[in-house]
Amino acid sequence: RELNMGRFLPEAEEKTPAPSASTPGSTITQELGPYELPLDITGTLTVDRLLYRQVTMQQVNAAVSLKDNRVTISPLSGRIGAGQFNLSSTVNLGVAGFNYEGQAVVTQPDLATLVRGFFPAAEQKISGRMNWVNSFSGRGTSLDNLFKTLQLDGEIQLLQGAFSGFALLNQVSWFLDSPDLKNISFRDFQGTYRLRDGKAP
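Going by our numbering, the letters in the sequence shown line up with residues 1131 to 1331, in that order.
Fair warning: there could be bad hints in the mix.
Stated by the list, open to error - Derived BS3-like pairs: lysine-lysine, alpha-carbon spacing no greater than 30 Å straight-line:
(1) K1278 x K1197
(2) K1278 x K1329
(3) K1255 x K1329
Stated by the list, open to error - Each pair of labels, with its calculated beta carbon distance range:
(4) S1257 x N1191: 23 to 31 Å
(5) A1251 x E1132: 19 to 27 Å
(6) S1195 x K1255: 39 to 47 Å
Calculated from the structure, these hints are not laboratory results.
Using N, Cα and C, we set each Cβ at its ideal position, and we do this for glycine too.
Using the sequences and the accompanying hints, generate a full structural model.
Rendered as structure tokens:
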């Protein structure tokens, strides 16, 4: 059993015209919802291979429920190569644009595989493995509105890898006359990040 998410999720979203001053609140009317669904459904989903762009996820399992206009996925799990991922999320369909919150955990996938899969045209190169924990919440079914309300808190750890092909590294290398700086190797790189309303505080 194989499911290609590219058939359901477009590669890029078309830009919608900016609302005029004479139509205040039109951003909300462009959003999906709210929906009133008198349903109480619980089920499971199993996919041997889940494809998105050029990334292949295997042995994907999800527990899904719909009750009181809320969709709960807890958890959705699977493998990306030798790595694993786990996602839990709740989406409130009863408001315009939907409210959502959840957490994603990614453990030890190969970074080169992820970069090639999600960004096949990228000139930058990254190797190594990654551990990532991310909590998220927000509202919006269009990308513009989603990013305006997006709340993120996360931790990332990169292990035994290297960066190359980044403009900043090339500029620093040129400025310091040190070609070795074009390629940065690391054993253990860790960091945290926080995003509020689409902006890093």
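task = Of all the hints given earlier, name the ones this structure violates by number, lowest first.
result = none
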